Amino acid sequence: MNAQIDAFYQKFNRCKLETEAETKEFISDVENILGQCPSPDGEECKALAKLCSHAGCMVVVFGNDLDNGIPYYRKSIELDPASYDLRWEYYTTLEEIVENEKYSTPELIQDAIDCLKFCIDYCNTPELREENYVHYRYNDLGRVYMAAGDYRKAKKCFEASMRILPNDNARGLLAKAEKKIGNPITRFFKSLFSVFRKEK
Numbered sequence: 001m002n003a004q005i006d007a008f009y010q011k012f013n014r015c016k017l018e019t020e021a022e023t024k025e026f027i028s029d030v031e032n033i034l035g036q037c038p039s040p041d042g043e044e045c046k047a048l049a050k051l052c053s054h055a056g057c058m059v060v061v062f063g064n065d066l067d068n069g070i071p072y073y074r075k076s077i078e079l080d081p082a083s084y085d086l087r088w089e090y091y092t093t094l095e096e097i098v099e100n101e102k103y104s105t106p107e108l109i110q111d112a113i114d115c116l117k118f119c120i121d122y123c124n125t126p127e128l129r130e131e132n133y134v135h136y137r138y139n140d141l142g143r144v145y146m147a148a149g150d151y152r153k154a155k156k157c158f159e160a161s162m163r164i165l166p167n168d169n170a171r172g173l174l175a176k177a178e179k180k181i182g183n184p185i186t187r188f189f190k191s192l193f194s195v196f197r198k199e200k
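Under my numbering, the final residue of the sequence shown carries the number 200; numbering is consecutive throughout.
By construction, these hints were calculated from the structure, which means they are not laboratory data. Treat each hint with caution, since some may be false.
Claimed, not checked - DSBU-like, lysine-lysine: derived pairs with alpha carbons at most 35 Å apart:
#1 Lys50 - Lys75
#2 Lys102 - Lys180
#3 Lys11 - Lys156
#4 Lys156 - Lys117
#5 Lys46 - Lys11
#6 Lys46 - Lys75
#7 Lys117 - Lys16
#8 Lys117 - Lys50
#9 Lys75 - Lys117
#10 Lys156 - Lys179
#11 Lys46 - Lys16
#12 Lys180 - Lys156
#13 Lys117 - Lys180
#14 Lys50 - Lys153
#15 Lys102 - Lys176
#16 Lys156 - Lys102
#17 Lys102 - Lys50
#18 Lys75 - Lys11
#19 Lys102 - Lys16
#20 Lys176 - Lys117
#21 Lys117 - Lys102
#22 Lys24 - Lys75
#23 Lys16 - Lys50
#24 Lys153 - Lys102
Claimed, not checked - Listed next, with one range per pair, are the computed distances between beta-carbon atoms:
#25 Glu96 - Thr125: 40 to 48 Å
#26 Asp85 - Gly182: 17 to 25 Å
#27 Gly172 - Glu31: 40 to 48 Å
#28 Glu101 - Ala3: 21 to 29 Å
#29 Glu107 - Asp85: 44 to 52 Å
#30 Pro126 - Gln4: 36 to 44 Å
#31 Glu101 - Ile181: 14 to 22 Å
Bear in mind the structure is a predicted one, so any value in this text is a computation, not a measurement. Each residue gets a CB set at the ideal place from its N, CA and C atoms; glycine is no exception.
Throw the hints in and build the complete structure from the sequences for me.
Encoded structure:
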């Protein structure tokens with residue numbers, strides 16, 4: 001199995017999936033490897049998980065094909081659910097997608113939220129929190145909530161980031177979230193004024 005995966009990486013080492021034919025051949029070869037190991041375990045799972053994550057990245061980023069690429073990311077997590085790196089790799093691909101109204105969907109937003117929550121929970125020691133910059137992961141999660149229109153959850157994330165390590169990024173994002181939420185009294189009078197104008 002390792003030899004086949006190595007041969008696959010060598011074959012597509014410089015490939016950018018610039019044509020439909022290249023993309024089809026790439027996907028076909030990935031499926032061929034997966035098909036030869038329908039019930040992987042142990043190290044096979046980890047190797048195939050990395051292959052699927054790589055395939056997801058190539059198909060989404062270079063092939064510009066979300067429909068065929070995203071399932072590979074999900075498959076990678078299914079094969080190695082305890083991996084921080086796989087979740088982080090998936091989120092970094094989703095990062096711009098979920099903030100783009102043209103491509104974002106509720107399912108992809110939920111995937112991004114799930115990945116970031118996993119990454120945050122994974123950092124359960126001071127060493128891991130520092131190594132993986134967990135305060136920035138709270139910023140990332142807050143941005144996803146902002147894209148989803150859930151400004152109150154976003155606000156909580158930015159506040160969590162500030163509690164861990166005060167930073168300008170979280171401070172600016174927190175101000176944006178608070179502006180979106182607004183003051184309840186101000187919102188009431190704005191609503192009242194809007195009704196008054198309509199009746200007038």
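Tested hints:
{"no.": "1", "hint": "Lys50 - Lys75", "verdict": "holds, 10 Å"}
{"no.": "2", "hint": "Lys102 - Lys180", "verdict": "holds, 21 Å"}
{"no.": "3", "hint": "Lys11 - Lys156", "verdict": "violated, 46 Å"}
{"no.": "4", "hint": "Lys156 - Lys117", "verdict": "holds, 13 Å"}
{"no.": "5", "hint": "Lys46 - Lys11", "verdict": "holds, 21 Å"}
{"no.": "6", "hint": "Lys46 - Lys75", "verdict": "holds, 11 Å"}
{"no.": "7", "hint": "Lys117 - Lys16", "verdict": "holds, 31 Å"}
{"no.": "8", "hint": "Lys117 - Lys50", "verdict": "holds, 21 Å"}
{"no.": "9", "hint": "Lys75 - Lys117", "verdict": "holds, 18 Å"}
{"no.": "10", "hint": "Lys156 - Lys179", "verdict": "holds, 14 Å"}
{"no.": "11", "hint": "Lys46 - Lys16", "verdict": "holds, 24 Å"}
{"no.": "12", "hint": "Lys180 - Lys156", "verdict": "holds, 13 Å"}
{"no.": "13", "hint": "Lys117 - Lys180", "verdict": "holds, 23 Å"}
{"no.": "14", "hint": "Lys50 - Lys153", "verdict": "holds, 32 Å"}
{"no.": "15", "hint": "Lys102 - Lys176", "verdict": "holds, 22 Å"}
{"no.": "16", "hint": "Lys156 - Lys102", "verdict": "holds, 27 Å"}
{"no.": "17", "hint": "Lys102 - Lys50", "verdict": "holds, 28 Å"}
{"no.": "18", "hint": "Lys75 - Lys11", "verdict": "holds, 22 Å"}
{"no.": "19", "hint": "Lys102 - Lys16", "verdict": "holds, 23 Å"}
{"no.": "20", "hint": "Lys176 - Lys117", "verdict": "holds, 22 Å"}
{"no.": "21", "hint": "Lys117 - Lys102", "verdict": "holds, 24 Å"}
{"no.": "22", "hint": "Lys24 - Lys75", "verdict": "holds, 18 Å"}
{"no.": "23", "hint": "Lys16 - Lys50", "verdict": "holds, 18 Å"}
{"no.": "24", "hint": "Lys153 - Lys102", "verdict": "holds, 23 Å"}
{"no.": "25", "hint": "Glu96 - Thr125: 40 to 48 Å", "verdict": "violated, 30 Å"}
{"no.": "26", "hint": "Asp85 - Gly182: 17 to 25 Å", "verdict": "violated, 39 Å"}
{"no.": "27", "hint": "Gly172 - Glu31: 40 to 48 Å", "verdict": "holds, 44 Å"}
{"no.": "28", "hint": "Glu101 - Ala3: 21 to 29 Å", "verdict": "violated, 44 Å"}
{"no.": "29", "hint": "Glu107 - Asp85: 44 to 52 Å", "verdict": "violated, 22 Å"}
{"no.": "30", "hint": "Pro126 - Gln4: 36 to 44 Å", "verdict": "holds, 41 Å"}
{"no.": "31", "hint": "Glu101 - Ile181: 14 to 22 Å", "verdict": "holds, 21 Å"}
In terms of the numbered hints stated before, the structure departs from hints 3, 25, 26, 28, 29, listed from lowest to highest.
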